[in-house]
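Participant: Given next are the chains, with one letter for each unit.
Protein chains: 2
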Amino acid sequence: MQTQKIKIKDMPNNQDSPLDMLSDLLDQDMKQVNSLILKNMQSDVALIPQLAQYLIMAGGKRIRPLLTLASTAIFEGPMDKSYHLAAAVEFIHTATLLHDDVVDESNERRGQQAANLIFGNQASVLVGDFLFSKSFQMMVESGSLEILGILSNASAIIAQGEVLQLSTTNDIETSFPAYIKVIESKTAALFAASCEVGAVLSNRPASECEAMRKYGTNLGNAFQIIDDTLDYIADQETLGKDIGDDFKEGKMTAPVIFALQDAGKEEKLFWQRTLGDKKQSNQDFGTAMSYIEKHEAIEKSIDLAKQYAGSAKEELMNLPNGKYKSLLCDISDYVLSRNF
Amino acid sequence: MQTQKIKIKDMPNNQDSPLDMLSDLLDQDMKQVNSLILKNMQSDVALIPQLAQYLIMAGGKRIRPLLTLASTAIFEGPMDKSYHLAAAVEFIHTATLLHDDVVDESNERRGQQAANLIFGNQASVLVGDFLFSKSFQMMVESGSLEILGILSNASAIIAQGEVLQLSTTNDIETSFPAYIKVIESKTAALFAASCEVGAVLSNRPASECEAMRKYGTNLGNAFQIIDDTLDYIADQETLGKDIGDDFKEGKMTAPVIFALQDAGKEEKLFWQRTLGDKKQSNQDFGTAMSYIEKHEAIEKSIDLAKQYAGSAKEELMNLPNGKYKSLLCDISDYVLSRNF
Numbered sequence: 001m002q003t004q005k006i007k008i009k010d011m012p013n014n015q016d017s018p019l020d021m022l023s024d025l026l027d028q029d030m031k032q033v034n035s036l037i038l039k040n041m042q043s044d045v046a047l048i049p050q051l052a053q054y055l056i057m058a059g060g061k062r063i064r065p066l067l068t069l070a071s072t073a074i075f076e077g078p079m080d081k082s083y084h085l086a087a088a089v090e091f092i093h094t095a096t097l098l099h100d101d102v103v104d105e106s107n108e109r110r111g112q113q114a115a116n117l118i119f120g121n122q123a124s125v126l127v128g129d130f131l132f133s134k135s136f137q138m139m140v141e142s143g144s145l146e147i148l149g150i151l152s153n154a155s156a157i158i159a160q161g162e163v164l165q166l167s168t169t170n171d172i173e174t175s176f177p178a179y180i181k182v183i184e185s186k187t188a189a190l191f192a193a194s195c196e197v198g199a200v201l202s203n204r205p206a207s208e209c210e211a212m213r214k215y216g217t218n219l220g221n222a223f224q225i226i227d228d229t230l231d232y233i234a235d236q237e238t239l240g241k242d243i244g245d246d247f248k249e250g251k252m253t254a255p256v257i258f259a260l261q262d263a264g265k266e267e268k269l270f271w272q273r274t275l276g277d278k279k280q281s282n283q284d285f286g287t288a289m290s291y292i293e294k295h296e297a298i299e300k301s302i303d304l305a306k307q308y309a310g311s312a313k314e315e316l317m318n319l320p321n322g323k324y325k326s327l328l329c330d331i332s333d334y335v336l337s338r339n340f
Numbered sequence: 001m002q003t004q005k006i007k008i009k010d011m012p013n014n015q016d017s018p019l020d021m022l023s024d025l026l027d028q029d030m031k032q033v034n035s036l037i038l039k040n041m042q043s044d045v046a047l048i049p050q051l052a053q054y055l056i057m058a059g060g061k062r063i064r065p066l067l068t069l070a071s072t073a074i075f076e077g078p079m080d081k082s083y084h085l086a087a088a089v090e091f092i093h094t095a096t097l098l099h100d101d102v103v104d105e106s107n108e109r110r111g112q113q114a115a116n117l118i119f120g121n122q123a124s125v126l127v128g129d130f131l132f133s134k135s136f137q138m139m140v141e142s143g144s145l146e147i148l149g150i151l152s153n154a155s156a157i158i159a160q161g162e163v164l165q166l167s168t169t170n171d172i173e174t175s176f177p178a179y180i181k182v183i184e185s186k187t188a189a190l191f192a193a194s195c196e197v198g199a200v201l202s203n204r205p206a207s208e209c210e211a212m213r214k215y216g217t218n219l220g221n222a223f224q225i226i227d228d229t230l231d232y233i234a235d236q237e238t239l240g241k242d243i244g245d246d247f248k249e250g251k252m253t254a255p256v257i258f259a260l261q262d263a264g265k266e267e268k269l270f271w272q273r274t275l276g277d278k279k280q281s282n283q284d285f286g287t288a289m290s291y292i293e294k295h296e297a298i299e300k301s302i303d304l305a306k307q308y309a310g311s312a313k314e315e316l317m318n319l320p321n322g323k324y325k326s327l328l329c330d331i332s333d334y335v336l337s338r339n340f
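Chains as they are written, first to last, in the working numbering: chain A, 1 to 340; chain B, 1 to 340.
Be aware that one or more of the hints could be misleading.
What the hints assert, rightly or not - In the DSSO-like style, the derived pairs of lysine-lysine whose C-alpha atoms are separated by at most 27 Å in a straight line are:
no., chain 1, residue 1, chain 2, residue 2
1, B, 181, A, 39
2, B, 39, A, 181
3, A, 81, A, 61
Everything labelled a hint here was simulated from the structure, so no lab data went into it.
Pulled out of the complex, with its shape left as it was, chain A reads as follows (with noise of 0.2 Å):
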């Protein structure tokens, strides 16, 4: 599938990423972050630190932490404060993983064999559970209500979206603000928190906690337009995960939607054996392909998140120069081309 490469190639080159500028600047403070993420992980039931270890250090680049992290250095915050959050906001991400992929009946996560498949979906569930409940004993350490009541309220509407998202997959009628909202509440709305506690912590004025807010969700909307853009054009490599699950699944994401509005009858029931009856055979994948390209549904979803992405930086506009504003600001361009 030629098209697939050029639109690969066209995004910029990711060596040198300011995702890992920014672990480089905040390695210290990121050592810090892993021995809480550690020592927070151990039980004496063995089973909770095995799989916690199993999927926390396949890796992932840990954006949430440092974006943490650096929404507190961009202010000068109290950068001790913030190992607990950041901490707290990757075993909120690392919960929501095990549960989506016990929902989702992936196979595949991190480039690694999903965790259910290996420790069983009952120790996925409940493991997640555990570290979820972590998360909060991490918040509490921060001392301050105001960043419980952000991330408990994050965690709510993570929730939510999930739920939606089980409501809208294959359902073909899904619209563009159902969409929005799945994501916004899916992905963003850990970004948002992720960001607004380190502008929090460091005491920063509400406009400036509500710019940090809103970048996040900004940021994290591409995030998530991109990854759902790469599950019909990455390879399985640089995925780190299935390609075509959304497909397989039936998931309502932008490129479908896209392909969808344009849509004449035949492709209209083609969408809809394969997405809302699930009924699949082996080459729809490349059906479905060829009905988003012509919509041109890949460039589509890849400016949308080219907006999202736009609008995350402007929120940086009123914020302190200097070198984690200026990452920030570089991050948001970055994960447009996300291969990460």
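Since the structure of chain A is already known, use the hints to place chain B on it.
Facilitator: For chain B alone, kept in the frame of chain A given last:
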């Protein structure tokens, strides 16, 4: 099975139970708690209130929120502040029920079909997460970091207990201490926290908070041992869930562990086949019951529960006298006869 009927008849009559009396006494307060419960299960994602309502409105005796209210009332503490905590405690409990039913593949709960069978495992996992997040939002409204610490710690312990239970299931070598650790974690930890937060909210000295916590732990242990015993001797109508579920799943609970303690070689082979290797035929539950009766394992289980109930009562000794203390005292006897 004649023996079973005798057991249940031997227990005290359940009319005008102390739990009902406590419920009547705290009727106005429970109305506030119920309206908070209703309010907080709302969401514009329709499936969430549908599923939450299905389970929460099916009833149960609300023993945990009642304990929180009573533990505040006994010290003449701030009742209005206890409403959020009582609702939070019920949400944590409901979330764990939802996840439990997914993990256990249960068929029945509170006398009706288990939620996961009607709404699906996916929705049960996610709505559980939602209720769990909401419980933390409600705790934040209590304004006390200490209380948040107590309840988030309890949540982490519950999850650990559930994972530990997974590890002991189908392991007929499970020791009594391991069993007690499971029930103390998965059940008693929330009873303990429900009681402790009332004392903490009322600004009582550490010794009294500790006494309330220990009352809750012992009550919870007694409650769970009786629950595990009823799984062998109750009739389905009374229990409101499947009978013999624990046997079918190979859960290592008090009646089986007592029966195994004095089991001969042949019996051990029977338990290994049925619980260890999960190879069961229709007559096996009857055989299991005959071994359990032979070793008086039901009587021993009830005796053990009685010891915990007695310890619960002792913890109340130095607390302020009055109707609440008296009812909490009676409740520790009542759990021994529970058919709720």
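Participant: Does residue 181/A lie within 27 Å of residue 39/B when you go C-alpha to C-alpha?
Facilitator: Holds, at about 22 Å.
Participant: Run the distance test for residue 81/A versus residue 61/A: straight-line Cα separation, threshold 27 Å.
Facilitator: With a Cα-Cα distance of about 21 Å, the restraint between residue 81/A and residue 61/A holds, given a limit of 27 Å.
Participant: What's the verdict on residue 181/B and residue 39/A, does the C-alpha distance respect the 27 Å limit or exceed it?
Facilitator: Status holds; Cα separation ~22 Å.
Comparing the model with each earlier hint shows no violations; every hint is respected.
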